[in-house]
Structure formats: C-alpha cells, structure tokens
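Number of protein chains: 4
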Amino acid sequence: MNTAQYRWPNGKKVGVIVSIDFDGEVPYLWRTRKSPPVGIGDLEQRRFGPRQGIYRMLELFKLWEIRASFFIPGLIADKYPNAVEKIAEGGHEIGLHGYRHERVDEIDAAEMEETLQRARASIERIAGQRDMGYRSPSWEMTDYAFQVLHRLDVLYDSSLMGSDHPYWAEGFPEIPVQWLLDDAIFYRYSGPPSSPRNPGDVVDLWRREFEGLKRWNGLFLVTMHPWISGRASRLQAVEVLIEQMKQDPDVWWTTCGEVADYHRKTYADEFHEKVSYDIE
Amino acid sequence: MNTAQYRWPNGKKVGVIVSIDFDGEVPYLWRTRKSPPVGIGDLEQRRFGPRQGIYRMLELFKLWEIRASFFIPGLIADKYPNAVEKIAEGGHEIGLHGYRHERVDEIDAAEMEETLQRARASIERIAGQRDMGYRSPSWEMTDYAFQVLHRLDVLYDSSLMGSDHPYWAEGFPEIPVQWLLDDAIFYRYSGPPSSPRNPGDVVDLWRREFEGLKRWNGLFLVTMHPWISGRASRLQAVEVLIEQMKQDPDVWWTTCGEVADYHRKTYADEFHEKVSYDIE
Amino acid sequence: MNTAQYRWPNGKKVGVIVSIDFDGEVPYLWRTRKSPPVGIGDLEQRRFGPRQGIYRMLELFKLWEIRASFFIPGLIADKYPNAVEKIAEGGHEIGLHGYRHERVDEIDAAEMEETLQRARASIERIAGQRDMGYRSPSWEMTDYAFQVLHRLDVLYDSSLMGSDHPYWAEGFPEIPVQWLLDDAIFYRYSGPPSSPRNPGDVVDLWRREFEGLKRWNGLFLVTMHPWISGRASRLQAVEVLIEQMKQDPDVWWTTCGEVADYHRKTYADEFHEKVSYDIE
Amino acid sequence: MNTAQYRWPNGKKVGVIVSIDFDGEVPYLWRTRKSPPVGIGDLEQRRFGPRQGIYRMLELFKLWEIRASFFIPGLIADKYPNAVEKIAEGGHEIGLHGYRHERVDEIDAAEMEETLQRARASIERIAGQRDMGYRSPSWEMTDYAFQVLHRLDVLYDSSLMGSDHPYWAEGFPEIPVQWLLDDAIFYRYSGPPSSPRNPGDVVDLWRREFEGLKRWNGLFLVTMHPWISGRASRLQAVEVLIEQMKQDPDVWWTTCGEVADYHRKTYADEFHEKVSYDIE
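Heads up: the sequence lines are chains A, B, C and D, in that order.
Numbering-wise, the first sequence is residues 161 to 440 according to this note's numbering.
Numbering-wise, the second sequence is residues 161 to 440 according to this note's numbering.
Numbering-wise, the third sequence is residues 161 to 440 according to this note's numbering.
Numbering-wise, the fourth sequence is residues 161 to 440 according to this note's numbering.
Among these hints, one or two may not hold up.
As the list makes no split between identical chains, a pair holds if one copy fits it or if it spans any two.
Stated by the list, open to error - In silico DSSO-like pairs for lysine-lysine, Cα to Cα no more than 30 Å straight-line:
hint, residue 1, residue 2
1, 239, 172
2, 239, 406
3, 246, 194
4, 434, 406
5, 222, 173
6, 194, 434
7, 434, 239
8, 434, 246
9, 425, 173
10, 194, 222
11, 194, 374
The hints are simulated quantities; they were obtained by calculation from the structure and are not laboratory data.
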C-alpha cells in the first residue's frame, strides 16, 4: 500500500504555498456590527496588520523571492488601497475573501453573491485583477456557497481540510488548508486562558509537518495574518523555515492559483469528493 | 511495599497496545443530530481520517509489523467499508464503538443495545467478526451500559481509567485507557483558546509514561484517531517512539483482546473493583 | 534593600515541604451531590489515586526518606482506611481537609464546624491523631472559616498565597501554598481545550521556583494529588527534582506542622497580615 | 522597501522600557465591587504583589541600574504608601492607572475624570509628582477617554497596540504595549483550563521579540505585575534577558516619559493615526 499518491510536477515531492489572509480589523467589525463596542483596543491591535505587518511581509517576500497568495476582504482594499497596490506590484496572487469577512454560514446565498461582487469590484479597481480564487472567511463553507462560486466563475476554493493534497470539492479544485498550518490559533491572544505560543515552538511544529508532507507528497500551505505574524519575533522565526525550504530541491514553490491550474489539468478524473452534509 | 504488582507473560515488564478509535465525522454527526449545521468545515476536517489518515496508519502498521486494536462505530463501517476491509485484511483486532458514537450516558439501555447490535451486524458483514470487545464513545460508562455488554456477550471493556494495569470492572476485564495516552486532547483544535501541541512534545510525554509504566509493570495503551494522528507530522513523531519500543526486550506487544484473555485466565480472583457511583 | 528577610533554622536557605492533598473522587462527589451523573468515567479516573497512586507515593517517600504532609478529607479516611493507616505508619503528618472536600465559601460556619469534627473523628479513629493543621479544600478561605479553626484548636492554616514564606493570618501561622507549585493545574485534563503539560516542563518550572526561593529564603511547598501525580511519568519526573534537592545542603526538609511550630516560636511578633476582604 | 523606519536617538536600534502595572488586589476589588465574595483566596494571591513582589523588583532594578515606568492605581497608593514612596525614592517614573483600576469602557467620561483626579492627588501627596503619563487599566481605550486625558493635561498614553514603535493617537504620543510582552497572559492562573507557562519559555519568547524589534527599530516595552512576576522563578528568568540587553550597545534604555518627549520633539508631523471606531 502506497499512500503517497499525489504527483507534483517535475518530480517534486511537496508543494509549498505561503498564503496571507489579509484581514486586519475587518473580521472584528463584522462580528461586532450589531453592537459596536466603545473600546478600541482590539481594533488598534488588528490595525498593526495594515499599518506595519503587511509591509514587513512584502519586504521579506521580496528578499526571499516568494510569490505569495493573498486573500483580501473588499473592505480592506477600500480602506488600505496602498497596501493592495503594493501587493499587486510585488507580483503576488490576490484572491477573494468576502467583503467584510462574512462567514458564509451566517449569510444567505444572495448576500454572499452581493458581497463577493462588491469585493471583486474593489480589488479590480485597485489591483486590476478580475479572475480570482476564493478563500472563505473563518474557513467555513456551505453547499450554497459553492453554488455562488460557480455563478461568479471563481477559479478555485481554498477553505477546507478534507485532504492534505489538492482534491475536487463540488466541482472546484480544493487547495486545502489545515489548522496546523495557521498562525492565528497559535499566536492570537483571545483573552484568558489563552496565551501566545513561542514562535520557536510553532515553527518547529510547521517544520515537522513540512517534513511529513514531503514523505507523503502533500501540500504545505501555510496561512499567516499580517496583524499576527507581522510581529517581529514571528517573522524572524518563520524566516528560518523558509530558508530551509528554499534550499530543498524537493520543493515546488507555487501559489494557490498555480496549483489549481495544475490540478485541473492533471487530475480532472481523480480525487472527486462529496463534501456536503449527509447524516447517513 | 512493592507497588509494581501486575505480572505480564514471559517476564515482560510492560504491555504495549496501539489502539485506534476510527471515528471520522461520526461523533460530529451524533452531536449535531438535532440541528445539523449548514457549515461543512468540521465535517471535511474529520473526513481526512477515513480518506487519508486510516490508510497511512495501515501502511505504517504493516511497515512496523504492528497488530493494532481498532474500535469502529457501525456507521463508519457502513460509510467506508473499504477501509474496514483493509483493517481486517491487515490482521488487526476490531472492536465495538457504538453505531453513531453515542455516549452511553446520553442514551438508555435499550437504545444502547439496539445500536450495538446494529454496529455488530455491519462489522460482521464487512469484516467477518462477531466476538468483539468494547470501547465506549468518549470513554464514558454507566452501570446499565455494563449490563448491556453482558447481554451481548461482549469480551471486555476498554473505557475506564481506574488503574494503569488491567482490572475487573463489573465482571469484565477492563483494559484501561487514560487521557495522557490519547492523541485528541493534545492535538485537536476545538476553537479558541485551544491550539495543537507540538508532536515532539506529545511523543516525549508518551515516552516518559512508557518508561514509568515499565518501572511499575503497567499497560502502555495509546489511543489515536485517523483524522487527528493521521496528519503527517504526528505520524512521523510517533514513529520514533514505536521504533524505540520495538527494540525494547521488556515490551509485550499485544492487543486489547489478547490482554483481556490473559487477564481472564491469570487474574480471575484478583483486581476486582467496584466501579459504580456511590456517595458514601 | 534586602528582601530575603525570612530566617530558617541552622542557616538553611529554603524550606522544602512535600504536601499531598489526598482527594481521590471526594471533590467530585461533593460537586455533583445535587445531581449525581450516571456516567462513572470521572469517578474511575480519580479512583486511580486511592487504588494505586497513593501507594506508589508512599513507596517513593520511603525510598527517598521523606516525611510528607498529607491533607485528607474525612470521607477518604472512611472509604480507604488502609491507605490512611499506611500513611500514619510511614510517619507522615496528617492534616484536616474537610469531610467531603467542602469549599468553605459554599458552606456556613456551622456546617464547616460539623464537617471538620466528623473528619477529625474519622482520622483519629484510623490514624490516632487529634491535633492537626488545616488545608482548605480548593485553597479558598473566609473570615468565618478562621473562626471555626480557632474554635477547633487547629494548629495552623495552609491555604493562602499572600507570601512565599510563612506569615500570620488571623492569628494562625499560615504555611503558604501557590499555584505554581500545584500539580493539578498543570496536569489535570478538564475537557477541551485543556491538555496535560509535559512532566519535564512542569518539573523544570518547579526547579526554577526552588532555585529562586533559595535566593529569597522562601518556602518551597509543593502540592501533589495521588490521582494526578501518581501517574508513572509524573512520579518519575518529580523524582529527579527531589534527588537534586536531597543533595542540596541549603535545604531544610520539613513538614507543615514543623514549620508552623518554628514560625510560632520564632516570629510571634512579625509578619502579621490582615487577610480579610476590605474594599478601601 | 525599508520597513524599519523609526529612528532612535544616537543611532540606537531599539528602545527598551521596563514597565510595571502595580495593580495588586485593586482590579479584583473593582471587578467584584457589586457582589464582594466571601472567599479571600484571590485577594491574598494578589497581595503578594504589594507585600513582597514590589520590593524584590525595586531591589533588582537597583542592582541592574534600571529606571522603570510604574503605573499605579490611586487606591494602591492609598493602601500601600510605603511602596510608592520607595518607588519614587528609586528615581522611577510614576504614571496614572485609574483609581480603582476602572476599565474606561465601563465608566463614562465624568467618572473617569473624577477617578483620575483622585488618583493624581493620592500619588502627588505620597510621591510628589503631578505631571504624568497614562496607562489605561486592562489596556482598553475609548474616544472619550482621550478627551479626558486632554482635559487633565496628561503627558502621553501607553495603552494601545497599533504599532511597535511610538505613534500619535488622538493628539497624544502613544507608547505602545502588546500582549506578547505582557507577563499576565502567560503566567496568571485564571482557573481551568489555564496553567502558568514556564518562565524559561516566556523569557525566550521575549528575547525573540527583542531581537526582532532590533531588526525593525521597534520599541521593546515589557509589562510586569508585582503579584505575578514578583514570584521568585519569574524574576530570575527575566534577569537573564535583562543582563543580555544591558550588554547590547544597540539598546536605548529609557522610560515611557522619555520616549514620549522624544517622539513629541522628533516626530511632530509623522505617524499620526486615526484610532477611533469606524465601520467603513
């Protein structure tokens, strides 16, 4: 039995994608929309992302020669157009991520379609891109959300965890995420009893997953947020892993969009999974 | 005072069992049965188990020459018969684990009996096994649950933590579990403020417990879930511990079923414990 | 300014006490008394203490030549008289700890007095001791609880954290505990999102506190529970620290009772603190 | 793109401030003011700060030759005037921190103004200081809180996280804090499932942030509480980092007040940020 079944181009053993969910304060605004708090501490904490974190990341991606995949809520584009321009100028991929970071299981199909169109218009105006993939806010999906993505001719989805290599989900190439490779669950302070993990520990954990995915021909798709991983110690810690992976001849450095194309062409008849809810 | 009182066969100092609770999405379906959510993120995360994790584990058990003890909800057998066939072909033990992973303290005796009969029928049809042991979903037990196990002629129970060697619980050999040797409580991301532990840390903790159990003649019974420990970095981490234990002459590599047989024959008159609830 | 102000006998730099809160399933019975659950998983987990953990601890205390301070709910004495006899035979100190591990802020003075008298009668019948110190269940105290202790001629209190050397609290020598030196908060699995810490990490943390307390002439009073620290890996980890401390000439190995006597004789006029609740 | 844009005096690469939120039991009194509990365990735990922790810190600051920035609720000054005198005598900065540690989003502008005036009067009476900066209790701010600070001629604010170098917030130099460099979220035991982190781990994390901030010309502003970091092992752990930073020629050892002055003079026209709540 050989369970390392996915084949990457040119004999590579692992795909590596650096993805950025450029959320800033937008998810907080969405969550608190019905009763905006008078306190601004959380807002300011999150604004560290669009003020500083994003520019440090872009600086380092240039230094490391990385094209990353950015998923950007439309409201971030409208509030911080300079940052989005810089992302586009850097040659990075830009994908959809809602307008106000709306969780798809908290809105209906019409609302989702309206918010995605609004987000696409904002991004297109600033960055000149129209054909994009999609990552759902909070990594949640529904049956009707996939239908909306079809109506909008979205290129792929990158929101689910059902495999650690690309697969088909409701007719879309699914470029899978996973909690293990998310920065927020390790670093975000969400009130007691949480406390941020040591970046050395987190990056060691990521390195272990990278080594394991190389063994099983998986996709190493790490997700970072500028307001979280833009902090100095975290960037420096992940830099060590990136340097190691940059020297590894088994790595295919790529983007979500490229992987979706590759999957569509190479595996049109394989890895189709039914992902909807069925009790029996 | 010598507190290392249990004797293993052939002068071995510690029993080692690798047990797999093959749950996948079934516990989630049970928990959400009254109001199924529209979101499918959790489902997909859990389906990683029956899609990929289980096959990787079987591959490694073959490589490591391990017979494991699998506890399988009937619904998993009905949804993923191919995986269960492969488990049986690999020579592993299969045990009962509810039909929909029903917690026994949330159902009554009649419902428990019906669901176990249904699960046994599914497993028997696919894997050809009828005489089986039992591990309760969520490691919870009740007085009436033991009575159901007696009526169904179940071979043993493996759900409680009252000792770290086998003992008698309500007339059954109890093959004890413990939280320390469960993967889920260390690795599962259950929303903020949880965050998965580093596999290096977890396996070091397991190794320490292994060394301690060798000193006190205990049972090292580790429990893993394919959707959790099937992730690449976690499998590679536990592999290091397995390699160490494989070279240790003091280890009896065994299964829950074998240990239950051994205990029944060797300790018929010892280690009887009253396990029911009594206030005074 | 010299803040290392407490003086230990014979020029020692740090007092070391191993204290055991021998609770077993009793706190759980108290907490669930109004609606006893049908599930017995938690009970069995806690019974590991009186079945196995306590005997391992006594074996190791004999091996290490340690006299420990045990705080024992009366109900534990009534349910497990053999264990309490063994503790007394081992020359250890025994102190009061409620009858059913009743939190003093959840009962009134009359109830507290009745339960302590009942507990004292049980312990006296089994272990022959009548003059005892007190440690409150859950390390909570109240003004009226101190009055009850006075009426019962209790020797000292060991429940508060207001200093890291002995002090006076409402007329009693206070032998202070602290969370840092408790096993339960590091090891107990209390449902998601908790997960037990690595014993190597916990004991390193305790060792650091030991080194620091030596610098400031403090009291290193560690508290362990048989159902928690009786697990094999945890006992072996703490054994390493005990071996280190046993070889340290700056340590006064002692018990809560001895320290209370010493404090009463040496510091009758110093370290008096007002500990009651006052808003301004 | 060079994102290390802030310039420190004399070519230094990083500003280092040790700040102390001298809270003791006052936040607890504020939080429980409407229904004071009968239990005194939490109070005593917190009183370790004004009884012991504060004096150890002052001793070490003298040893290390550090001027720290203390933020002191007025009620602490009234209850523990000796400690506040010692702080002033040590040449440390003293700043405002509410009277009863009132969260500004839980009181209105009038109440905030009254409590700050009362706090200032207490501190002036004891320590002779009247011109002070401000750190908000619980690091929360509101629009009207800034207006109150203006009316009281407060020198600066040190409560927000919107950057890791000084910036302008509503007309004040903002000397930014961040969770990563707070002791409480790592060490405080707030009931299950929390557990205090190993000081070695915490200080390693701080050291990493220090190294990173040196790269990006940031402000390393660590915050400690006497009742938390005054514990022996924690003080000894942070001492190692302080020794390292003391030998680093790239460090500007400073205080919040000095940095606010520097920022006001050097960057009057730069780094102005809108920090209030705006949805779109």
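When the structure is checked against the list of hints, which entries are broken? Sort them ascending.
Hints 1, 2, 3, 4, 10, 11 contradicted; others consistent.
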